[in-house]
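There are 2 protein chains.
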Amino acid sequence: MDERQRYWSETARGLTPYVPGEQPKTGRFIKLNTNENPYPPSPRVLEAIAREVAGSLRLYPDPEMGLFKAAVAENFGVPVSGVFAGNGSDEVLAHAFLALLKHDRPLLFPDVTYSFYPVYCALYGISYQTVPLTEGFAIRVEDYRTPNGGVILPNPNAPTGCLLSPDEIDWLARNTPDSVVVIDEAYIDFGGESAIPLTARHKNLLVVQTLSKSRALAGLRVGFAVGDPDLIEALERVRNSFNSYPLDRLAIAGAAAALSDREHFDRIRSRIIKSREALAKGLSSLGFEVLPSAANFLFVRHRERPAKTLLAKLRERGILVRHFDRPRISEFLRITVGSEEECETLLSTLRTILAPADGPGE
Amino acid sequence: MDERQRYWSETARGLTPYVPGEQPKTGRFIKLNTNENPYPPSPRVLEAIAREVAGSLRLYPDPEMGLFKAAVAENFGVPVSGVFAGNGSDEVLAHAFLALLKHDRPLLFPDVTYSFYPVYCALYGISYQTVPLTEGFAIRVEDYRTPNGGVILPNPNAPTGCLLSPDEIDWLARNTPDSVVVIDEAYIDFGGESAIPLTARHKNLLVVQTLSKSRALAGLRVGFAVGDPDLIEALERVRNSFNSYPLDRLAIAGAAAALSDREHFDRIRSRIIKSREALAKGLSSLGFEVLPSAANFLFVRHRERPAKTLLAKLRERGILVRHFDRPRISEFLRITVGSEEECETLLSTLRTILAPADGPGE
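Protein chains in written order, with our numbering: chain A, 928 to 1289; chain B, 928 to 1289.
Calculated from the structure, these hints are not laboratory results. Computed from a predicted model, the values in this text were never measured in an experiment. Incorrect hints may appear among the rest.
Identical copies carry no separate label here, and so any pair may be met within one copy or between two of them.
Claimed, not checked - Each computed SDA-like pair below joins lysine to any residue, with the alpha-carbon atoms no more than 20 Å apart:
id, residue 1, residue 2
1, K1130, E937
2, K1201, R1244
3, K1130, Q932
4, K1130, L986
5, K1201, E1216
6, K1208, A1282
7, K1130, R933
8, K952, E991
9, K952, A997
10, K1240, T961
11, K952, G993
12, K1208, G948
13, K1130, R1189
14, K1130, R1194
Required output: the full structure, derived from the provided sequences and hints.
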């Protein structure tokens, strides 16, 4: 045994943690590696936080996070008893894995998807099976009808960006009536249609969202889930056996305010969608294969240059993008859709990198 | 099977969550039930948060929480690699249970202690054994030398308030060399001496603290642990398999600022200690048995009146205190030391309740 691990539990010894994208300490990079929003959150968020700071930080927050849950309920037209909240959608997902996806039969998810899923499985001892995406990197819901202990899919999928329609989600929930289907909608607001309305008619459907992307609040750590109150009750039991107060007072106030500003939300996401389309065109013209994306990132593969080379050359020039050294996708880069200016800089930098003059010696 | 639990995991079905003290929605109560600080946090906290709000909430926080860990390291004279941080000490404890206290042999903790401990055990399938306090409700460290998979003790103990000395902790860590000893110091700053300096010489000692009590930041959700870097590494693995960003940007900034203001910290804790001594005297003179307390609460039993009656009568009069309907302590009330004024109101209200005129009909 490794002496360093002498006091560790078997669980701790068996873990290979998720590695998030780099968060550089200095501001000298253009960050297109962690799918943050290039625009600031609603000014209402800052106002709400400023009001809350002046209040009672010495007192515990509302453990029910009522203000925020009410905002979710109001925003999506669902009952408050159908809303769960947590410290970012990662925490919400973690609780869902333990409360709803841990069963004798294996959990199913795509072979190419959010790489945190197998990490949760290792943490909680959940058996799982991956289901291959199609050749074109799409999810085919029919492939998830094998006996299972649950299904989890990001929609749009990460890191590919490919989208499922509400009809496909509806079909899936109907055809796996004995297990829970979790739809992880971290990126849904950039071009997809949420499955939240479907939760009213499927007792086994849980939809998870985050305020980190389309609401521009990655720094505030707020996520939520919507589903049948019986599913929510299981999540609450696990949450209340872990940490009674996952959202601090400022996060509750800021998150509720963010959901109230529909106009700001629509403005910034439209802008990102427009930039994505322009960026996709630009990258195509530079020789990249660009998967169709309904997210705030593009998943691209250059027809000639290796992904690792491009990753390194972009980094040298101050631009961070994300690379996953994993089967099927090791030649792809995931590029966050930044501001118009950042997209322009990315394209012109790539143009320089890809220019024949830069070629010799590689 | 309960149809409502159809989709739940075995884990979710087996849980009886921790129930935190009531957080009333209106301000009409004097809250002496959840051990919050009656005084506001350092003004530096508010300044740091205001600065951070004006920054980049759209960007993820530093997943290493470097600013806060550095503040802990500096404050206690320990290396940054010996510091772990989380969303309140409850989250830190949860990770410690899974990473360091889950073994074949049972975990040991007192029969009367923080009631979240058995809840974590149920969540993670950890076997445990309780060790009775003495007749006088004290922890005797010699009682923890039986074969075990770990030991966890609050110091001072909750809800009793009784204190162990660093020598006793030192003895315990030395005499249980094969398992981890976790000291939960949520209340240490109100009269105890921290075991943090002992972590330098015991590879199996982990000390957990919170900013919720002595730093007056229950609303910000920040806790930390100090121990050998090998213990911290196990916690980091579990944390990074659960949620990469447990502290939001505002919590990191605010918590670091709180630790920097030593003068404010000393002033408010001295004031609470002084109030505690006065309150203990006042309660004794009203016929209460008052356990010796090194915390910001008193654990008291009236010689004649049932705890439940007093609890209800105080509530009617707008004062919340905490009662635990559990073996050995069902006749006790746990009363948070409030401001001087709140303590005065409590005493005068109890005087009325206990007056003979109030007696008939009970």
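**Item:** Hints violated by the structure (numbers, ascending)
**Value:** Hints 2, 4, 12, 13, 14 contradicted; others consistent.
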